[in-house]
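This is what each chain is made of:
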Amino acid sequence: MSQNLPALLVVVPMMLAPIAALINRSGPAWVIATSGAWFAFGAAVQLLRRVMTEGMIVYSLGGWVAPIGIEYRIDQLAAFVTLIVSAIAAVGVLYARTSVASEIEEDRHALFYAAFLLNVCGLLGIAITGDVFNVFVFLEISSLSAYSMIALGQDRRALTSAFQYLIMGSVGATFIVIGIGLLFVMTGTLGMADLAERIPAIWASGDGDRTIAVAFTFLTVGVTLKLALFPLHLWLPNAYTYAPSAVTGYMAATSTKVSIYLLLRFFFSVFGVEFSFEQMRLDAILMPLALVAILAMSSVAIYQSNVKRLLAFSSVAQIGYMILGISFGSVIGVAAGIIHLFNHALMKGALFMAMGCVMYRIGSVRIEDMKGLGKSMPWTMAAFVGGGLSMIGVPMTVGFVSKWYLLQAAIKGGNWLAAVVVVVGSLMALVYIWKVIEVAYFKRRENDDPIEEAPLSLLIPTWTLVAASFWFGIDAGTTSDVAMSAAESLLGMMQ
Amino acid sequence: MSDPGMIVLLTVLLPVIGAGLVLLLRKNENAREAATLLTGALTFAHVLALLRLVRAGESPGLDILEVVPNVWLSFEVEPLGMVFALVAGFLWPVTSLYAIGYMRGHHEENQTRFFFFFAIAIAGAMGVAFSANLFTLFVFYEFLTFCTVPLVTHHQSDEAKKSGRIYLGILLTTSVGLQLVAIIWTWVLAGTLDFQAGGILAGTASAGILSAILVLYVYGVGKAALMPFHRWLPAAMVAPTPVSALLHAVAVVKAGVFTVLKISVYVFGVDLLQTLTTTTWLAWAAAVTIILGSLVAFRKDNLKARLAYSTISQLSYIVLGAMLANELGIIGGGMHIAMHAFGKITLFFAAGAIMVAAHEKKISRMHGLGRTMPITFGAFFVGSLSIIGLPPAGGAWSKWFLGMGTLEASQFGLLAVLMLSSLLGLYYLLEVPVKAFFFERPKDAHQQDGVHEAPTPSLIAMCITATATVGLFVWPDLFHELMQMVVSGGVR
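Chains as they are written, first to last, in our numbering: chain P, 1 to 495; chain C, 1 to 492.
Don't take each hint at face value.
[What the hints assert, rightly or not] According to the in silico footprint, chain C covers these stretches of chain P (three or more CB under 8 Å from chain C):
1. 393-399
2. 408-421
3. 430-438
4. 470-476
[Unchecked claim] Listed below are several chain P residues computed to face chain C (Cβ distance under 10 Å; list not exhaustive):
5. Y441
6. F442
7. K443
8. D481
Keep in mind that the hints were calculated from the coordinates and are not lab data. Just so it is clear, CB atoms sit at the ideal spot from N, CA and C, and this is done for glycine as well.
Can you build the whole structure from these sequences, using the hints too?
Here it is, written out as C-alpha cells:
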C-alpha cells in the first residue's frame with residue numbers, strides 16, 4: 001500500500017469521482033468526496049515525510065520504467081505542493097457541505113462533488129508526474145472540472161465567466177501542448193529527467209536550438225496564462241467572483257498555485273536555471289510583469305465594491321509576489337516564491353471562506369451590504385480580519401514570513417525597485433482590507449432584520465485556515481526548511 | 001517565581017490574563033475593574049522583581065521560539081528596557097484607577113472592550129521593553145499599533161473612523177515601508193538581529209549605507225512622531241482621555257522613542273553613531289520638530305490637541321538625545337522617557353477631569369475653573385513644570401542632561417533650541433492654570449453652578465502622578481542609575 005502511495009494519491013480521487021456522480025445523492029456524494037480529499041491529505045503528509053527523509057521518490061506506473069512508461073517523480077517541491085492542494089481540499093470539502101447546499105440546486109450536488117474530486121485528482125497529478133505529456137492530461141482534467149464547477153454559480157454571469165475561462169484556459173493549454181510537442185520532436189522523449197539531459201546538448205549543438213527556444217516561448221505563454229500572471233489574468237476576476245463560494249475558496253488556494261509549480265518545473269527542472277535565466281532571460285520578462293501585477297492589481301482591488309472581486313484582484317497581485325520571488329533566480333528568491341505559494345493559499349482561502357459565510361447569511365458580498373456585520377457576525381468578520389492581517393503582512397502571520405524572505409531576496413540582490421514595490425504592495429493591501437473592516441465595524445445597519453452568525457459547519461473550516469495562517473507565521477521553521485531545500489534542489493539540479 | 005525567565009514571561013503575559021479576566025467578568029462592572037487593578041498591581045510587582053535583578057547586574061531573559069530559522073522571538077531585560085517597563089508598569093494601574101472614574105463619569109459605551117484592549121496594549125508595551133532582538137521588537141511594535149486601533153476608534157463615529165485611517169496609515173507606512181526594510185537590511189549585513197552592547201552594525205558596510213539605514217530607522221519608528229510623520233498623534237486624541245494619557249503620552253509614543261534609543265545604543269552603538277555624519281542632520285530634524293511642535297501647540301485652543309503637539313515636541317527631545325551620540329545625550333534621553341511620562345500623564349489626567357466635570361475642551365473657556373477644581377488645576381500646574389523643565393519637577397533633570405549633552409557635542413544651536421522650546425512651553429502650558437486661577441468665570445459659561453471636582457478615583461490618580469513628578473525631582477537616582485548602566489555597557 002505504502003509502496004503504491006504515489007499512484008493511489010491520484011487514482012483514489014479519480015475513481016471516487018464517477019461513483020459520486022453515479023450515486024447522485026447529495027449526502028453520500030459529499031461523504032465520498034470528503035473521504036477522497038482526506039485520503040489524499042493523509043497520503044500527501046506521508047509522502048512529504050518520506051521525501052524529507054529519504055529524498056526523491058521515483059515511481060514507475062504499472063512497473064513500466066521510463067521512457068516507455070510514465071514515471072511519477074516526487075521531490076520536496078512536488079510533495080509540498082501536493083500537501084498544499086490536498087490540505088486545502090480537505091478543509092474545503094468540509095466547508096462545501098453547507099455552502100454548496102445553500103448556493104447550488106440539490107440535483108447538481110453529486111455532479112459538483114464529482115467535479116471537485118476530478119479537480120483534486122488533476123491538480124495532484126500535475127504535481128507528482130515526471131512526464132510532460134502526462135502534465136498536459138492532468139491539466140485538462142483539472143481545468144475542465146474547474147470550468148464546470150465555476151459554471152454552477154448562482155449568478156447567471158457565472159456561465160459567461162466559466163466560458164471566458166474555458167476559452168482562455170484552452171488557449172493556454174494549447175500553447176502548452178504545442179510547446180511539449182516541439183520538445184518531443186527535438187528530443188524524442190517526454191520524461192522530464194530525459195528532457196533535462198537532452199535539451200542542453202541540442203542547444204549547444206546549434207542544430208535545432210531555435211525550435212527549443214520556440215518551445216520555451218510557447219510554454220512560457222501557456223503557463224503564465226494558466227497561472228494568471230498580469231496581463232494574462234483576465235479570466236480570473238470573473239471566475240472567482242461568480243463561482244460558488246466553496247469553489248472560490250478552494251480554487252484560489254490551489255489552482256493558480258499548481259500552475260506556478262508547473263512554471264518552476266518547466267523552467268528549473270526541465271530547461272534548467274542556466275538556460276532559462278541566462279540564455280533566455282526569463283527574469284527580464286517575469287520581473288517587470290510581476291512588479292506591474294503587484295502595483296496595478298492592488299490598486300484595482302482598492303476600487304472594487306464586491307469583496308470577492310476585490311480578493312480576486314488581490315490574488316492576481318499576490319501571484320505577482322510569487323513570480324517576483326522566482327524571477328530573482330536566487331535560492332532565497334525562489335524559496336520566497338515557494339513559501340508564498342503556501343502562505344497565500346492559507347490566507348486567501350481563509351478570506352474567501354469568510355466571504356462565503358457572509359454570502360450564506362446575507363446573500364451578497366458587496367461592501368455596502370456588509371454594514372454592521374462586525375457586530376452581527378463577529379466570528380466571521382474576525383476571521384476576515386485575521387486573514388487580512390496576513391495579507392498586510394503583520395508579524396506573526398504567514399504574510400510576514402513571505403515578506404521577510406521576499407525583502408531579503410530583494411536586498412541581497414540589490415534590487416531596490418523590487419523592495420519598494422513589495423512594501424508598497426503590502427500597504428495597498430492595508431487599504432483594501434481596511435475598506436471592508438471600516439464598513440463592517442463602523443457603519444450601522446439601516447434595517448433591523450436580525451442577522452445571525454454563520455453556522456459552525458462554515459466557521460470551523462474558515463477558522464482552521466485562519467489559525468493555520470497564524471500558526472505557520474509563528475512557527476515558520478518547517479515551511480522555511482522545505483521551501484529552502486526545494487529551492488536549493490531546483491537551482492542545484494543543473495549547476 | 002524563582003526562574004528569572006519565567007518572571008519576564010509573566011510580566012508580558014499578566015496583562016493578557018488580565019484582559020481575559022476583564023472579558024469573563026464583563027457582567028459585573030466592579031469585579032471587572034478590580035481585575036484590571038489587581039493584574040496591574042501584580043504586573044508592576046513583577047517589574048520590580050526584575051528591577052532587583054537588573055540592578056544586581058543580571059540580564060534575565062528567555063528564548064520563546066524560533067520563528068524563521070535563526071530568528072528568535074526572545075526576551076532579555078536590560079536597563080533601558082527596565083526604564084520603559086517601570087514607567088509603563090507603574091502608570092498602568094494608576095491610569096486604570098483614573099479610567100474607572102472617567103469612563104463612568106463620562107458614561108462611555110463598550111467599557112469592557114475598552115478595558116480589554118487597554119490591558120492587551122500594556123502587554124504589547126512590555127513586549128517592546130523586553131525585546132532581545134529587532135525582530136521581537138518589531139513584532140510587539142506592530143502588535144501595539146493594531147491593538148490600540150480599537151481604542152482610538154472607540155466612539156465609532158465618523159471622526160473616529162477618519163482618525164483610525166490616519167493612525168494606521170502613518171504608523172504602518174513608516175514601520176513597514178522604512179523600519180522593516182532597515183531591519184531586513186541589518187539582517188542581511190550583520191547576520192544577526194540581537195541587541196548587543198556596542199552594536200552589531202559596526203564594520204559591516206560603508207558609512208554611506210549605514211547612514212541610510214539609520215535614517216530608515218529613525219523615520220521608520222513612526223511612533224517617535226518625528227515630523228513629517230507626526231500626524232497620527234493628534235489624530236489619536238479622538239480616543240477617550242485615559243487612552244490619550246497612558247497610550248499616547250506614555251506607552252505607545254515611548255515605545256517609539258525607546259526603540260530609537262535602543263537601536264542607537266544596541267544596534268549601531270554610540271561609537272559608530274559618532275562617526276556617521278547623518279546623526280547631526282537627524283538631530284537637527286528633531287530640533288525642527290521640537291520647535292514646530294511647540295509653535296503648533298501654541299495655536300491650539302483644544303486642550304488635548306495642545307498637549308498632543310507638546311508631546312510631539314517633547315518626544316523629539318529624546319530623539320535628539322540619541323542623535324547627539326554621547327553618554328550624556330543617551331542618559332538625558334532615557335531619563336526623559338520617565339520624566340516626560342509622569343508629567344504628561346498628569347496633564348492628560350487633568351484635561352480629562354476638566355472634560356468630565358466641567359464639560360470644557362477649549363482653553364479659552366476655562367477661565368475661572370480653578371476655583372471650583374483646585375486639585376485638578378494644581379496637578380496641571382505641577383505637570384506643566386515638569387514638561388517645561390523647571391524645578392521642583394522631574395523634567396528638570398532630563399533636560400539638564402540633554403543640555404549637557406549638546407554642550408559636549410559642541411552643538412550650541414541645539415542647546416538654544418532646547419531653551420527656546422522650554423520658553424514656548426512656559427507660555428502654552430501655564431496659560432491654562434493661569435486662566436483657571438486668576439480669571440473670572442465668564443457669565444455665559446454653561447453649568448456655572450454644577451461644576452465640581454472630577455470623580456474621586458480620577459482625583460486620586462492625578463494626585464499620585466503629580467506627587468511622583470515632584471518626587472522624581474528629589475529622587476531621580478533610580479532612572480539615572482539605570483541609564484548610567486546603559487551607557488557604561490553600551491559606550492565602552
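Should the hint that P:K443 touches chain C count as held when the rule is a Cβ pair under 10 Å?
-> This hint holds: P:K443 lies near chain C, its Cβ roughly 9 Å from the closest one there, short of 10 Å.
Within 8 Å of chain C (C-beta), three or more residues of the segment 470-476 of chain P | That given contact holds, which follows from 4 residues of the segment 470-476 of chain P lying within Cβ reach (below 8 Å) of chain C.
Count the residues of the segment 408-421 of chain P whose CB lies closer than 8 Å to any CB of chain C, then report whether that count reaches three.
-> holds (count 4)
Does the interface hint hold: is P:Y441 within less than 10 Å of chain C, judged Cβ to Cβ?
-> holds, 7 Å
Against chain C, with CB atoms and a cut of 10 Å, does the hint on P:D481 hold up?
-> holds, 7 Å
Assertion that chain C covers the segment 393-399 of chain P - criterion: three or more residues, beta-carbon distance below 8 Å = With 4 residues close enough to chain C, the hint holds.
Please verify that hint: P:F442, Cβ, nearest Cβ of chain C, below 10 Å or not.
-> holds, 5 Å
Given coverage of the segment 430-438 of chain P by chain C, tested with a Cβ cutoff of 8 Å and a minimum of 3 residues | holds (count 3)
Every hint, counting from the list given before, is met by this structure.
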